[in-house]
Amino acid sequence: MEKSTIDILWIIIASTLVFIMQAGFAMVESGLTRSKNSINVAIKNLTDLGISTLCFWACGFAMMFGASAYGFIGSDNFLFHPVSIWGAVFFLFQVMFCSTSATIVSGAVAERMKYSSYIISTALLSVIIYPIFGHWAWGGFMEGVPSGFLGKLGFIDFAGSTVVHSVGGWVSLAVLLIIGPRSGKFAEDGTSRQINGSNIPITVLGVMILWFGWFGFNGGSTLAMNETVPSIILNTTLAASAGMIGSLMVGWPILKKPDILLVLNGSLAGLVAITASCFAVTEIESVIIGFVGGAVMLAATVILEKLKIDDAVGAIPVHLVAGIWGTIAVAVFGDPAILNTGLGFIGQLKIQLIGIASCGIWSFGVAFSVLFIVNKISPLRVSKEDEHTGLNKTEHGVTTEIFELFSVLEAQSRTGDLSLRAPEEPFTEIGQIAKMYNSVMRKLESGTVEKGEYLNILDNVSDGLILIDRSGTISQYHSASMKNLFSTELISGKNFKDLLSSRIPENVLAILDEFLEIAFDKKKSFRIVEKMNPIPEIELSFDNLNGGFNVKYFQFIFKRIVKNSEVSRLMIVIRDITRQRELSQEVEENRKRTSVEMELFYRILHVEPASMRDFLTSAETDLSEINSVMSESQTEYYERLNEIFRRIHAVKGDADMLGLDFIAEKAQIMETNVAEALRSESPSNEIFLSLALKLGEIRELLFKIDSLMKKWKTMHAEISDDNRSFLPRALSDLAARLCERHKKSVKVEFDSGNTEEIPSAVFKHVKDILVQLVRNSVYHGIENPEERKKLNKDSSGKIAIKTHKENGKLIIKYKDDGSGLDSDKIKQTALAKKLITEDDSSALTEKDIFALVFRPDFSTSDSVNKTAGRGVGMNLVKTLITGLKGKIALRSKRGESLEFEIHIPIEAK
Amino acid sequence: MTELEIKGFIKVLTDYFLSVTGSPANMGVPFIKENSTEVFDYVAVIGISGSRKGGVYFTANRPLLEEIARHILGETGLDDATLYDLIGEMTNTISGNMRELFGSTFLISVPIILKGNIDEVVLRLKPPVYVIPIEWNGHKSHLAIGLE
Amino acid sequence: MKLLIVDDSNIMRRAIEKYLSAFNLEIVGNAGDGESALAIFSETLPDIVTLDITMPRMDGLSCLDKIMQIKPDTKVIVISALKDPATGIQAIKKGARGFLSKPFSQEEIIEEMKACLEDSE
Chain A
1 MEKSTIDILW
11 IIIASTLVFI
21 MQAGFAMVES
31 GLTRSKNSIN
41 VAIKNLTDLG
51 ISTLCFWACG
61 FAMMFGASAY
71 GFIGSDNFLF
81 HPVSIWGAVF
91 FLFQVMFCST
101 SATIVSGAVA
111 ERMKYSSYII
121 STALLSVIIY
131 PIFGHWAWGG
141 FMEGVPSGFL
151 GKLGFIDFAG
161 STVVHSVGGW
171 VSLAVLLIIG
181 PRSGKFAEDG
191 TSRQINGSNI
201 PITVLGVMIL
211 WFGWFGFNGG
221 STLAMNETVP
231 SIILNTTLAA
241 SAGMIGSLMV
251 GWPILKKPDI
261 LLVLNGSLAG
271 LVAITASCFA
281 VTEIESVIIG
291 FVGGAVMLAA
301 TVILEKLKID
311 DAVGAIPVHL
321 VAGIWGTIAV
331 AVFGDPAILN
341 TGLGFIGQLK
351 IQLIGIASCG
361 IWSFGVAFSV
371 LFIVNKISPL
381 RVSKEDEHTG
391 LNKTEHGVTT
401 EIFELFSVLE
411 AQSRTGDLSL
421 RAPEEPFTEI
431 GQIAKMYNSV
441 MRKLESGTVE
451 KGEYLNILDN
461 VSDGLILIDR
471 SGTISQYHSA
481 SMKNLFSTEL
491 ISGKNFKDLL
501 SSRIPENVLA
511 ILDEFLEIAF
521 DKKKSFRIVE
531 KMNPIPEIEL
541 SFDNLNGGFN
551 VKYFQFIFKR
561 IVKNSEVSRL
571 MIVIRDITRQ
581 RELSQEVEEN
591 RKRTSVEMEL
601 FYRILHVEPA
611 SMRDFLTSAE
621 TDLSEINSVM
631 SESQTEYYER
641 LNEIFRRIHA
651 VKGDADMLGL
661 DFIAEKAQIM
671 ETNVAEALRS
681 ESPSNEIFLS
691 LALKLGEIRE
701 LLFKIDSLMK
711 KWKTMHAEIS
721 DDNRSFLPRA
731 LSDLAARLCE
741 RHKKSVKVEF
751 DSGNTEEIPS
761 AVFKHVKDIL
771 VQLVRNSVYH
781 GIENPEERKK
791 LNKDSSGKIA
801 IKTHKENGKL
811 IIKYKDDGSG
821 LDSDKIKQTA
831 LAKKLITEDD
841 SSALTEKDIF
851 ALVFRPDFST
861 SDSVNKTAGR
871 GVGMNLVKTL
881 ITGLKGKIAL
891 RSKRGESLEF
901 EIHIPIEAK
Chain B
1 MTELEIKGFI
11 KVLTDYFLSV
21 TGSPANMGVP
31 FIKENSTEVF
41 DYVAVIGISG
51 SRKGGVYFTA
61 NRPLLEEIAR
71 HILGETGLDD
81 ATLYDLIGEM
91 TNTISGNMRE
101 LFGSTFLISV
111 PIILKGNIDE
121 VVLRLKPPVY
131 VIPIEWNGHK
141 SHLAIGLE
Chain C
1 MKLLIVDDSN
11 IMRRAIEKYL
21 SAFNLEIVGN
31 AGDGESALAI
41 FSETLPDIVT
51 LDITMPRMDG
61 LSCLDKIMQI
71 KPDTKVIVIS
81 ALKDPATGIQ
91 AIKKGARGFL
101 SKPFSQEEII
111 EEMKACLEDS
121 E
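Residue numbers (the working numbering), protein chains in the order written: chain A, 1 to 909; chain B, 1 to 148; chain C, 1 to 121.
If you're looking for bench data, these hints aren't it; they were derived computationally from the structure. Glycine included, each C-beta is placed from N, C-alpha and C at the ideal position. Be a bit skeptical, because a hint or two may be false.
Unchecked claim - In silico DSSO-like cross-links for lysine-lysine, where the CA-CA straight-line distance does not exceed 30 angstroms:
| hint | chain 1 | residue 1 | chain 2 | residue 2 |
| --- | --- | --- | --- | --- |
| 1 | A | LYS825 | A | LYS809 |
| 2 | A | LYS522 | C | LYS102 |
| 3 | A | LYS704 | B | LYS7 |
| 4 | A | LYS523 | C | LYS93 |
| 5 | A | LYS531 | B | LYS126 |
| 6 | C | LYS2 | A | LYS809 |
| 7 | A | LYS747 | A | LYS809 |
| 8 | B | LYS126 | A | LYS704 |
| 9 | A | LYS563 | C | LYS114 |
| 10 | C | LYS71 | A | LYS531 |
| 11 | A | LYS559 | C | LYS102 |
| 12 | A | LYS393 | A | LYS308 |
| 13 | C | LYS18 | C | LYS114 |
| 14 | A | LYS497 | C | LYS93 |
| 15 | A | LYS711 | B | LYS7 |
| 16 | A | LYS747 | A | LYS666 |
| 17 | A | LYS847 | A | LYS885 |
| 18 | A | LYS790 | A | LYS767 |
| 19 | A | LYS592 | C | LYS102 |
| 20 | A | LYS531 | C | LYS94 |
| 21 | B | LYS126 | A | LYS713 |
| 22 | C | LYS94 | C | LYS114 |
| 23 | C | LYS114 | A | LYS790 |
| 24 | A | LYS666 | B | LYS115 |
| 25 | A | LYS531 | C | LYS102 |
| 26 | A | LYS523 | C | LYS71 |
| 27 | A | LYS710 | B | LYS7 |
| 28 | A | LYS694 | B | LYS140 |
| 29 | B | LYS126 | A | LYS694 |
Said to hold, decoys possible - For each label pair, taking beta carbons as the anchor points, the in silico distance ranges come out as:
| hint | chain 1 | residue 1 | chain 2 | residue 2 | range |
| --- | --- | --- | --- | --- | --- |
| 30 | A | GLU681 | C | SER36 | 53 to 61 angstroms |
| 31 | A | SER618 | B | LYS140 | 26 to 34 angstroms |
| 32 | A | MET598 | C | ASN24 | 47 to 55 angstroms |
Can you make the complete structure from the sequences, with help from the hints?
What follows is the structure in structure tokens.
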């Protein structure tokens, strides 16, 4: 079949117009999908062009237009090489059709199908499905003689309503049934959600490009530049317009709005519908075909939605359903003369339906079964996470700015991480938004971080830190230590004054109130206001709910917080200075006590100690008596007063005599009071109040003097070790100390008359001997009070010491009323310590046994302690006496007493 | 510790008796608390802080409380718990009145009620502790004050 | 700048005068009690007044009230022997710009005067 140059030229132009439809499809599909997937969809469009071209060149063309084998499949011209100019042009035009068919799928399955899976499905369509069905319908067209079985039967599909569009639609349906809807498209309750496209304007432009490209698609299908071409193009554009109007007229009332898809897909449905019959219908018929195409597209859309088949761009309603309609329309409207099949309406309709059915069975059947198996081996669909993230990123690692911005926003809302920043592409709208957003975030973050740091400080600072407003209310943020300082969880929202009330005196609270008033008055210079802080350091009494108070000392520092030249808050720093205060108070008290003691000391210095002691004893007795007279309610009032008068007079007299005028004065006041009361006709008990107060004061004084004297005495004893007059006291004190340690009670009676008689030469040794004996008695001899009670003894033990001189000897008699020596125990101890042998022990007399206690390293004490147990005590006594050339004898009454008699030779005068 | 302050405490207590029961209470002869000075069945202790530190206690026998309860409630034969309640209420009122009198410089604690051994609490009173016998309707009670 | 010194003690008046000699102030007078202080004040309208609180015949606080009525922008430094901040607070409320408690040193009064002169309101 020879072609003129103009035919060749027209088909080349038509081919380029069909090629442009690829761009249209890319724009429609990427514009109708979300921005996270738009790049993936667009790139699939380009990819299927390449894949389908190669596949169609390698074998598709051969299988479609090669020499027919049984009208089923073409069989030559693999790896197509044109033998004529027309052959090349024809191939060019057909390869564009194949690519068109392939690219339909990408839109339907958008946003969830893997890129790799899509390549497989594209190859399947380009190599097998499209060429074989194409052969059935269009085989032999290059030569102008149908060789495919449908073609031979008279199946008319002028430019491919079925061959191109339905094939793409069927394959889309097969894939969709396998991979399922996009996540989020259908809710669990069955309702569907509209997923909005990212760029509708670009979709509109895409539709226009398709429309324009369709002029070549349909107009070129004449395969010649003849008189029918303009009418075909006219019909095409009429049908497109009618499709748009049809879908709008039906859809608008139903959807209550001119949905954009009505306009977009309506036009396309009109174009698809007219494709099969555009060469054989009139203009009016074209309008009807287009109109109905738009309507069936809409109906199909609704049905798919109902069936939960998620076609992302409406490819099935547009290409499959409108394609079917267009194919049927050939039989309905096609001019039989032009169709030239020799079939009647029914016959033509029948063969059209056979074509449609065989297309469905073949395309859907092959696609579904092959891809079903492929899906089992390797899922066609991306993972849920990838789908969520978007195929741009997960399939290709590319993002769009808006996607990046949204990712950042999403991550931020999920993690709360304010440090995230959106990428700032310069000179783009999104970049500018990102820039502004980032700067907002920076401000927010720095504010938030500062606050975080501030709160961190508040958690860790040991001082109390609060802010109060004009009403005294404590604001939300305060240092954690406040809770410890005031032992309460309730700080925020509480009034500052309430924290202090009942803890500081009310008069101070009243002043604090006034202070806070001027502290909030911005007109008053804070420099001087600060000076008026009534609680710079204040004692707080915390009721311990046990009938008493825990006293703490707090320091309060106030600072003004000025905002917009108004005093918005007062900051209060509270520090617990109890420890420092207690220390300095202790020092102060010590100082005071010392000075009081010194004064007292001066006052009593001139009094002879013995007289002083006598006075203390008698005054204490008198005062106690007075107190008990006062507390005895039985006694007659006047009798009582007289008794008090007598006693107080005695105290006064004694104090006067000793020159203790500071006591005498107080006694004088008491005396006067009592005298007044005695004279009074109807005396009231109130008189006794001042009496009692004075009584208390004098007793306190006497108590102080007594303790002072004791202190002085001890000090004196320590300084002059051999001051003989202190020996009895020293021994008594020693016994008292030991008793305290061992929980015993002992009285030492030193009945020597005059210790001065002990010659100074031996005094030191005598003292040491007595010290050891007292130690021994308290530790070993005297039983503890409970034991003594059981034994019918006085609970307090007694040590009696007597000394006298006789025949140039000092004789010391020492006796305690403890348990005496236990000869069995001594024996056993001596045995255990190998001081004696078993043989010795039976031979020893009691006297011999007692002598053992004087041996070195002997002690019956079970453990070593300060008082006893080291085995030196009694041995030391023996050594000392030996050193003095003296003698010691002991006499023990088991359970009753232990006596020592010591003879020490001294120079007779 | 001044005579005036002691008088203040006494006044609070005697006023209480007078206003609650209508019959006056009489102050006995005060004396200084010795170790041997005994307390009655019930003891209420109130801590004092501020310009003076220490405490006061009021102690009374059961019959006195029973009679006061009779005055307040008009009931007799009250159980132990009610009498505790009463002495608590009494000392609360008394400490409240003390607060009114000394409030601007003293701090007065929530009172606690003790029965039996009170050594530990009395330790908190600063010696010398002055005991003021209060006689009311023939019943004895003590107000003891020990402040620095 | 004109200064009025009010204090019931003659020695104190002289001391204050001496202490503040460095400030190059024109001393318009000194007064020993509130009434005469007020008389001098209304006649000379000084910029600064040092005012003792405890004085015979009208105390310092009442005197301060009157001064503020006559010339509210007068800088009054209150000098008080009372340790209790209540008096100081009263004085500030009434409009005192400075406060010194007795006894004070030369350094203290100089510092107070400086601060008072710098406080521009």
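| Are there hints from earlier that the structure breaks, and if so, what are their numbers? | 1, 5, 6, 15, 16, 18, 23, 24 and 27
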